[in-house]
Structures are given as structure tokens and as C-alpha cells.
Amino acid sequence: MAGDRPEEIIIDIHGLTKRFGNKTVVDDVSLDVRRGEIVGFLGPNGSGKTTTIRMICGLLRPDGGSGTCLGLDILRDADRIKRQVGYMTQRFSYYEDLTIRENLDFVARIYALPDRSAIVKKTLERLGLYERRDQLAGSLSGGWKQRLALAASVMHQPKLLLLDEPTAGVDPQARREFWDEIHALAEDGLTVLVSTHYMDEAERCHRIIYIAYGKIVARGTVAEVIERSGLSTIVVRGHDVGAIARLVRQKTGVEQVAPFGNDLHVVGPDAVALKQAVDAALVETHSDALAEPGETSLEDVFIRLMQEARARDHSANGTAKAESPS
Amino acid sequence: MSSGFSLSRILALMVKEFIQMRRDRLTFAMIIGIPIIQLVLFGYAINLDPKRLPTLMVAAESGPATRTIVAAMEASGYFSIAPGLASPAEANEALIDGSASYVITLPPGFERDLVRGTRPQLLVEADATDPAATSNALGALPQILSSALKRELTGPLATQASPPIAVDLVIQRRYNPEGITAYNIVPGLLGTILTMTTILMTALALTREIERGTMENLMAMPATPLEIMIGKIVPYIGFGLVQVAVILVCAQILFHVPMMGSFAVLLGVTFLFIGCNVTLGYTFSTIARNQMQAMQMTFFWFLPSILLSGFMFPFRGMPDWAQVIGSALPITHYIRSVRGIMLKGSGPADLVNEIWPLVAFWLAVGALALFRYRRTLD
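If you read the protein sequences in the order shown, they are chains A and B. Quick note on numbering: this note's numbering labels position 22 of the first sequence as 22, and the sequence is numbered without any gaps. Quick note on numbering: this note's numbering labels position 329 of the second sequence as 329, and the sequence is numbered without any gaps.
This is chain B alone, in the form it adopts within the complex (with noise of 0.2 Å):
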């Protein structure tokens, strides 16, 4: 073997390789840019504990000790509480379309009740959906609560401040009572492998047909950009859709996740996410010049949406900045619904803010992707 090896020829590869990897101006900006963005993602986008989830008080009157117990949450930083007080059938609105993540319920007499030391109830509704999400502020409440009525019950009512807590802290795990995180993964998973794969099957579409040179002629003949679009597009939603069957499947019969709502609004939703992937991929397509960059450019995009849209971490824990980026993505808007669907029942109704960002972005990136295609081979 020792003729069989030679330095030059290493060195042929090698300088052959770099002066390729020099040429192909987007392998390197992945170079250096993927572990920027990655390190910015996880650095500083990311918390496990996070603060400042939207709660409604629900309470028939307001006292003394309603404001304490509101201003030691508050001061919790976990909590962030709404001004004023909401209706039940308002506060159940916001935990199923997700603009609150916490209600506290004070039922009448909470006041007088505490002062007679008879313990009276304090119901928290925690939207459990994401169990990662809630877990850290619910096993603080109570710590938060005795504290906070301790400094209140002072002088004569000092006893009943004693442990145990003053209130009866009753607390309902929403969606999810098990706290069962195969129930929150299963969404997030039917997100991210539509993302993956449908995105990178159309981001070949047009980079394969200018690599094996059949491009060329199908510009020759009478097809027009958005009918090339459409037919390249479609077969993939149908692929889509057979993989949202196997996942469903299998989640039912592995993992027996519940199925709240509908089908058929599910089917809707999935229709939409697939469709703005395709269209992504696609608009990948006439921007890369090769398979290859098709493929980098697939990776880009799912690095954030794995990191951002609140799959593998809380979304509320990130900075306003991330959650900016992450509300950008259609997964995030995907993933949010499926879980509204599957485990809190939810309609279209429930689900406008996050159907409109579906159809803006594929009627978006749709337009891009005619904009981009060539006519010619200019």
C-alpha cells in the first residue's frame, strides 16, 4: 500500500475542494452564518423557565387581598396579569384560542371568607398543552400565595396566615390534565417533518430539471410560469397528506393522543401549512442554482423553525425579538393549531390568528416564486 499513497494527490483533492467550496458563495455564508445563528438561537432565544405568561383573574369582587395575592404574582415574574377582571366565558375564550396561558378564578365571598380563616378556594386554570411551558410557574404558586397572604393576615388574623396556605389552592391541568409531553410533541413532530420534507421535495423541482438540462427545453415549450408552479407543487401536497396520515396513525395507536376537534378542520389547516411549504420550497428552487444549495437553503429555514416556533421550547419564554421571528414562521401557526384542535377542541373560529398568517405567507412566497422564476435562460 505505501505506493499506493501519495501526498500529492491529497493535495490535488484538497485544493480542489477548497477552491469549489470558495466558488460556491452560499456554502459559505452557511459556513459562517449557521453557527452564528445557532449560537444567537440557543444563547439568547431560548429559556426552559418562562416568565410573564398571560393570566386573567376572574373574580366577583375585588379586595384588599385579591390585589395582594395579583401584585405578589405579578412580582413572581412568572405571571403577568391582565387589568381588570374577565368574565368565566371570557377567560375560557382566551385558554382555548391561547392569548392567556393561566386563569385564576376567586369565587364570591373570597374575600370574607379568607378573613374567617374558612379557606376559601382559589382555582387556577393552567393551559397544559405544553406541560414544559407551565410547570415551573404552577410549582411556585404556592410558595408565591402563603407568602403573599402571610403579609397580609397580619395582627389578629396572624393565625390563620399559618401552614397551611389561607386559600385552597385548587389547581386544573387544562388539555393535557396528565401533563403527557407525547401530547404536545405529536403536533410539534407533524410540524417539523412537513417542514423538512416538503420544502426540500420542491426545492429540488426546478434545481434537478436545470442539472440534468431538461430545463431548458420545458422553457422551450408553451407552459407559463404559474402553470409550471402549480404542477409541480400539487403532487407534493398530496404527499403531504399521506404523511399527516401515518403520523396521525401512528400517534393514536403508539401514544393515544386525543382528538378533540375535527378532522376536517385539521385537513384544512395541514392543507394550508403544506401549501405554504411546497410554495417555500419552490421559491427555493428558482433562487438556487443546484440541488445542492436547494438543500442548504432547506436547512436554513428549519433551523429556526425547530428553535423558534415553541416545538422544542416554550414560545412565550423567548425575547419579543425571537417571538417576532418565530410568529413569521407557519409552523409556529401550524403547530399552535394542531394543538388547539387535537387537544382543546378547537373551531376556525378559535383559530383566526393563526389561519390568516397561514394564507398571508403562501399567497407571499407564491408571489415571490413568480417573481423570481426566468423566463429565459438570461
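One chain only, chain A, in its complex shape (with noise of 0.2 Å):
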């Protein structure tokens, strides 16, 4: 894989911001990913994540930034960067009254793609759908139409791929093998910037960006973002989880409780005062359920990255709301 090389960043953006009215969408968001990356783009509905992805497709025109993808600029160059992009929609967006068959047709002309008959029929059999050619795209279910989608999104040979949710409503094993393809075409070379809500698929990812309010929050491998969370965990097991999990949220140290089936997770910033929450509430409640040390998940951090950056953007708001008289 030559993805080390420094010269190869295929996207390259700086400050871009999308306001939609006086909302700011995406704001200031700056990031890089670099050949062969497999890059998830993470956060919490309605953060931007989608708008980003636009912006950097050019379906969105940027209200501020600047930035380049596969070396071509995003404001001005559009055109020839959507020749050489793959774009995954979150919704399910070839046609469904078109069969399987039609609609990979229909996007190899768009394309021009020299030899349709032959490269519509490799994928069609890749896809192991050459048996279902002629079958309407709409008659097929959920984790179909995303390896149809896929398939037609990377028929012309893109650079880099851009998949907005595209596990959205799919089965796991179907995503086990969504993502198990987007390894085998990274290998290849190809880029990938996924956008998802799923944990599983964010350690899938060789990096994870998180979005939140607009603003990026986090970035690096998913051990970095956790280490640099700073959070502790000590997982509780026993009876009556019900009963500690209510009295140790109380307690100060303490940030995050969550149950997981019969265990109770506890998360808090500093190791020695959440050991001392966790203790006290054990012994308040007489309970000979057990805690000890745990590890941190990326969704306590990802929950924690959402409350603070919750606060700002209200605080932020708060001031603005205090300066205008309106």
C-alpha cells in the first residue's frame, strides 16, 4: 500500500462552513485523509456529517473554506472531481421501477464507460447478482439494494468513496460483508470516507473523525481517541444494578451510567474519584455485587464528545442570543 506517502492526501479541506439560513450547519471543519485511508466520519444526527460529505462531492456549495479533493478545487472544479468519485447516499437513490441490471447500465453510459456489456456483466456477477439481472432494483431488500448501490457506485473506477450511512436498516451479516468488501477496495488503493452511527464500524475504520454541532470534536485511531478522553470505567456485576446505577449518578465523579444487560458500566474522568463514587454507592446499598476496572468504550466517549460540545454550542448560542436584540 503506498498510502504513506505524504503527497497522496486526497481530501484536503480547510475552514469549510455551510450555513443553511442563520443555522450554521458545518462549521470551520477542517480534514485530510490520505490514499487508501478508510476514514468513518462520525456524530450524532444533524451534526453535518451529510452536508460535508456533499460539500466535498459538490453537491453543496460551501458558504466558506476551501480545500481540495484528488488535487482538484472543490469550489471550482466539481465537475471533474464527480467523475472520479463514488457517492453512497443514505437513501437508496438509483431507480427502482429500472431492473438491477438497467440501472448498472444506465450508470455505466452516465459514465461512458468504454465496454458497458462487459464491465455490467463483472459486476452483476461479482455482486452474485447475475442471476437476478432482470429483477426490479425496488423488489430487492434492504442489504441488496446497498451491495447494488455500492457496486454501481464503484463500476467507473472511482479514487475515493463517499458512503453517507450506508449500513443504515441492514442486517449484520450483510454489514459484516459490506465492510469486509470496502477492505478488499481499499486494498486496492481506493479511499473511503464512511459516514456511520454504528461502534463496530467505526473500529472497522483506520481512522475516525467526530463531528458534533457542526464542529469537529475528535480525530485519530480509535485507541487515540479514547486515551485522549482521559475517561475511566469500572464495571459493576451483581444484583441490584438498578438501585446502584440510580444512587451513583448522584455521586461526583461520576458522568455516564449505563446498564448493559445484567453489568452496569460507570464512567467518570478521573479514575480515583469514580473508584471512591463506586465503593460508597456499594456499600450504601449493602450490595455484594462485584465492580472492577473496565474498559473505556468509544461510545462513552463518543456520549461525553456530545454533552460538552452540546454545552458550548448552547452557551455559544446563549451569548449570541444575548447580543442580538432580536
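Calculated from the structure, these hints are not laboratory results. Do not rely on the hints blindly, as some may be mistaken.
The calculated SDA-like cross-link candidates involving lysine to any residue, where the alpha carbons are at most 25 Å apart (straight line), are [unchecked claim]:
no., chain 1, residue 1, chain 2, residue 2
1, A, Lys145, B, Thr214
2, A, Lys159, A, Arg175
3, A, Lys145, B, Pro222
4, B, Lys232, A, Arg175
5, B, Lys232, A, Ile110
6, A, Lys23, A, Asp63
7, A, Lys251, A, Glu203
8, B, Lys232, A, Arg83
9, B, Lys232, A, Leu113
10, B, Lys344, B, Ala264
11, A, Lys215, A, Arg101
12, A, Lys159, B, Met312
13, B, Lys232, A, Glu102
Since this is a predicted model, take the numbers as computed values, not measurements.
Grab the two chains, each in its own frame, and use the hints to assemble them into the complex.
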């Protein structure tokens, strides 16, 4: 893999900003993605993931910022970028009233691919859809639709693949296969930027970027992001975790309390204070539950990041309101 | 069933419908706009008794009796007689290209023969392609002539003025001598059917993509606005041409509408007209936000197209402002062209005044569509 060479930066954007009305949806976002990388783009609903992806592939015009995609200016060369980028939309956006083969034929013609019928046939075979090629796309299940959409968006051999929540509503088996496919494509040098809500998917990315309220709040490998959060976790296992949860939530040094089946995950920024809080709660409830250090999960980190971002956003909006008389 | 009837549920639906209607500005505008437009058009624009129809005089010489006849015809309000005399060839041209509805021909020696009492011929040629537009004026003509000549032929000539009328009035209803309404209706139907169907088809072209969510994908692919427009309108031009073939075959079999001109000319004009319509429909679809709005716009366009084009009501009967609006509609020029080609045998040279507005309209709406097309999701 040639992804280590610094000149092979595929996406390089600075200060990207997008406003809808007076709402800033994407605020000063900078990111870089290198060739062959799979970068996970995470964040709560409405955080600006889709808007950022759409600006990168020329579907939305940024209100501020600049950048290049595949070495082309995202503001001026949108048409040339489109030819080298594959984009898979959040919602299935191929034609449901066309058959699988007709859809692929359409895409192949739009990209003016040479030797169209051979490429379409090869794609159908690789998908395992050759036998069902004359079936209407609308009659496919969610997992198959997603595979068709992926196949259609890489048929023109793009250098960059943008995936917007590609696995929403798809069963675990199909998701697993989808990610195997993504990794296979990345091995061949394809660069992938994928937005997702799933933590297990984030863990399959080389690198993750977390965005909340339009701002990037964390980036790095999964281990780095967890490490930098400074959060500690204690897992409480045993009876009466419900009562312990109610109690421990009130204690200082405790940020998140989440039951996982019979376990209770207690998360806080300071390991010592957290231990004290959990021990106190166990004593107060006379519980014989077991408390032991656990691993902080990505989900715990993201919930913290989201809460921090929300607090910042609210205080920023509060000042803004105080300044303007409206 | 009594337990299955709830006023609250009905109210819930009523409130929801009202909110949705209020949010959809275009629907709201149509609720207000359509009745007003219909009232104005039916009340002011439509006139079943067209007046001041353009008329040419062809005569070897002018004399007192000729002047009296001209004055009387003008005074009746039905005829608007062009000043001066036209040659027979000019008059024929004017009838074919539609710039004159009537040609009055006075034979040589008309004045002399009238005084002698030998009942000279007075030939009236009428453009009868639209029987409704010409029949009232023709019906009034004998009365106009006899009362005019009664005043002219006084004194010793008074006997000549007594009935029967002092001239031998010969009326030729040209292009449609039997006054068959179908001859006029079929070209009009061709225009209205094409207007309705082809505009609607392409008006849904982009809105359907938006509603089904396929637009985002299409925009992410490397197709230019011009490519998308051409790719989306050409199939419907083919669709329109098939419709034309069906209508023409039926017109021939069922109504025996004659075909005086060439099919090639008809095909050419039809192509232009369908081009105007599909491009207009595509323009609607760049403006409309959903399929419902696209259909409303189509209907909105259809209304003046049937009322002001000369299809249902005589074009010359309308006031000037309505004629101006009518002249801006492609269907007006298409109906005239088809009537001209089928009934009068008009060729391209006779149709210049109908063809250039179609070309201009097509280019204008095409440019508007490209201007309106949104290249991004903003």
C-alpha cells in the first residue's frame, strides 16, 4: 500500500463552513484523508456529516473555506471531481422501477465506460446478482439494495468513495460482508470516507473523525480517541444494579451510568474519584455486587464528546442571543 | 358502525389537510388565482360574435357605389376594410396566410352595371376554416348591402334598389365550403391534446427524481444540465409524434379531414410545437418542488391555451390584450399552422409568421430551464 507517502492526500479541506438560513450546519471543518485510508465520519444526527460529504463531492456549495479533493479545487472543479468520486447516498437512490441490470447500464452510460456490457456483466457476477439481473431494483431487500448501490458507485473505478451511512437498516451479516468489501477496495488503493452511527463500524476504520454541532471535536485512531478522552470505566456486576445506578448517578466524579444487561458501566473523567464513588454506592446499598475496572468504550467517549459539544453550542448560542435584540 | 365514527378523528384529518394546504403556497395561489382568471377570460376575452374582421377590396375602379358599400360594411362593425385596393394575387395570399378573413371582389364595370340595373356580381370570399368565426358576418352581409344600396340608388334609380338586392351576391366559403366544424376542431384538438400530455410528462421529469430521492445521485454523477435536459425531453418528443400520428389517422378515418398541404411541413411544425411543450414542461419541473406542483403548473398553462388560442373561441373576437396573450402561446401558432397546412395547403413560406414565434418560444424556455436548473442541492 502506497498510503504513507505524504503527497497522496486525497481530501484536504480547510475551514469548510455551511449555513442554512442563520443556522451554521458545518462550522470551520478541516480534514485530510490520505490515499488508501478508510476514515470513519461519526457524529450524532444533524451534526453535519451529510452536509460535509455533499460539499466534498460538489452537491452543496460551501459558504466558507476551501480545499481540494483528488487535487482538484472543490469550489471550481466540481464537475471533474464528480467523474473520479463514487458517492453512495444515505437513501437508496437508484431507480426502483428499473431492473438491476438496467440500473448498472444507466450508470455505465453516464460515466461513458468503454466496453459497457462486459463491465456490467462482471459487476453483476461479482455481486452474485447475475441470476437476478432482470429483477426490479425496488423488489430487493435492504441488504441487496445496499450491495447494488455500492457496486454501482464503484463501477467507474473512482479514486475516492464517499459513503453516507451506508449500512443503516441492514442486518449484521450483510454489514459484515459490506465492510469486508470496503476493506478489499481500500487494499486496491481506493480511499474511503464513510459516515456511520455504529461503533463496531467505527472500529473497522483506520481513523475516525467525530463531528458534533458542525464542529470536529475528536480525531485519530480509535485507541487514540479513547486514550485522549481520559475517561475511566468501572464495570459493576451482580444483583441490584438498578439501585446502584440510581445512587451512583448522583455522586461527583461520575459522568455516565449505563446498564448493559446485568452489568453496569460507570464512567468518569478521574479514575480515583470514580472508584470512590462506586465503592460508596456499593456500601450504601449493602450490595454484594462486584466492581472491577473495565475498558472505556468508544460509545462512552462519543457520548461525552456530544455532551461537551452540546454545552458549548448552547452557551455560544446563549451569548449570541444576548447580543442581538431580536 | 356508531362506535367507528369519531368527530375527533375527522377533525384531526381536517386540521392536517388545512395545514398542508396552507404550507403549499402554490396550491393556495391556484385556489385564488384560477377562479379570477377564468372569470376574466370568460367574461372579457371570449366573444362568440367576432367583429372587425380584416377584409380586402379587389376592384378595377372605385366609384360612389363602391365607397358606399365599403362605408356600410365598416359601419356594420363586422368588417375592417383595409384602405386602398388589393390585386387578386395579393388578396389570395392574404387569405392563405390568414392576414385577411374576407376578400370582396367587384368585377370591372361594377359601377356602370349597377346604374344600368343589370345586377353586377359582388364576390365575397371568406376564410371558412373556422365556420363559427365567419358565419355571423356572412349572414349579415345581404342586409348590409341592400340597405346601403337603397340609400345610394335614389331618384330615378330607386327601382333598382328594390328587392331583390341590386347586386348578385356570390359567397365562397373557402377551405371548408360545407362549414364542417370537425375540420376546424381536429387541428385544434391536435394542439390541445399535445399541450396537455407532453407538458405534463416532462413537468414530472425532475420532480419525480426529487421525490423518489434519485436526484441526489443523478447530481453526483458527471451529467451536465444540458445533457440532462436533452436526455429528458427527447423521449417525449417521440411520444408526442406518436400521438400526432394516432390523432391524424383517426381524423382521416372518422372525420375525413382533408390534407391539402404536405406531411413534411406538418411534421416539421409539429416537431417545433412538441419541442416547445416538452421544454416548457421541463422548465416547470425545474421550478416545482414536487409532482403536485408540477401538475398544477401544467393545468395553469392549459387554461389560457384552450381559451385564448382560437381553439374554442374565435381569436379575432377577442380584445387586443387577450390577442397579445394568445399570440405568446405556442398552441395559437400551431393551430393556425395545422389549419393552414391541412385545409389551405399552406407551405413554409405562408407559415413564416407562425414558425418564428415557435422557434423563439422554444429557445426562450430552454434558456430559462438551464438558468433555473439547480446544479447543487442548496
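How the hints compare with the structure:
1. For the hint linking Lys145 (chain A) to Thr214 (chain B), the alpha-carbon distance of about 14 Å falls within 25 Å, and the restraint holds.
2. Between Lys159 (chain A) and Arg175 (chain A), the direct Cα distance comes to roughly 22 Å. Compliance with the 25 Å bound is thereby established for this hinted pair.
3. Taken as a hint, the Lys145 (chain A) and Pro222 (chain B) pair is honoured in the structure, with Cα atoms around 22 Å apart against an allowance of 25 Å.
4. For the proposed pair Lys232 (chain B) and Arg175 (chain A), the alpha carbon gap of about 36 Å is over 25 Å, so the pair is violated.
5. Distance restraint check for Lys232 (chain B) and Ile110 (chain A): the Cα-Cα separation of roughly 13 Å lies within the 25 Å cut-off, and the hinted pair is therefore satisfied.
6. With a C-alpha separation of about 12 Å, the suggested pairing of Lys23 (chain A) with Asp63 (chain A) holds against the 25 Å cut-off.
7. A threshold of 25 Å between alpha carbons decides the hint, and for Lys251 (chain A) with Glu203 (chain A) the separation of about 31 Å lies outside it, so the pair is violated.
8. About 21 Å separates the Cα atoms of Lys232 (chain B) and Arg83 (chain A), which keeps this hinted pair within 25 Å; it holds.
9. Among the hinted pairs, Lys232 (chain B) with Leu113 (chain A) is consistent with the structure: their alpha-carbon atoms are about 21 Å apart, no more than 25 Å.
10. Proposed proximity of Lys344 (chain B) and Ala264 (chain B) is supported: the alpha carbons are some 15 Å apart, at most 25 Å.
11. A hinted pair counts as satisfied when its Cα atoms are at most 25 Å apart, and Lys215 (chain A) with Arg101 (chain A) does not qualify at roughly 41 Å.
12. For the hint linking Lys159 (chain A) to Met312 (chain B), the alpha-carbon distance of about 60 Å lies beyond 25 Å, and the restraint is violated.
13. A threshold of 25 Å between alpha carbons decides the hint, and for Lys232 (chain B) with Glu102 (chain A) the separation of about 17 Å falls inside it, so the pair holds.
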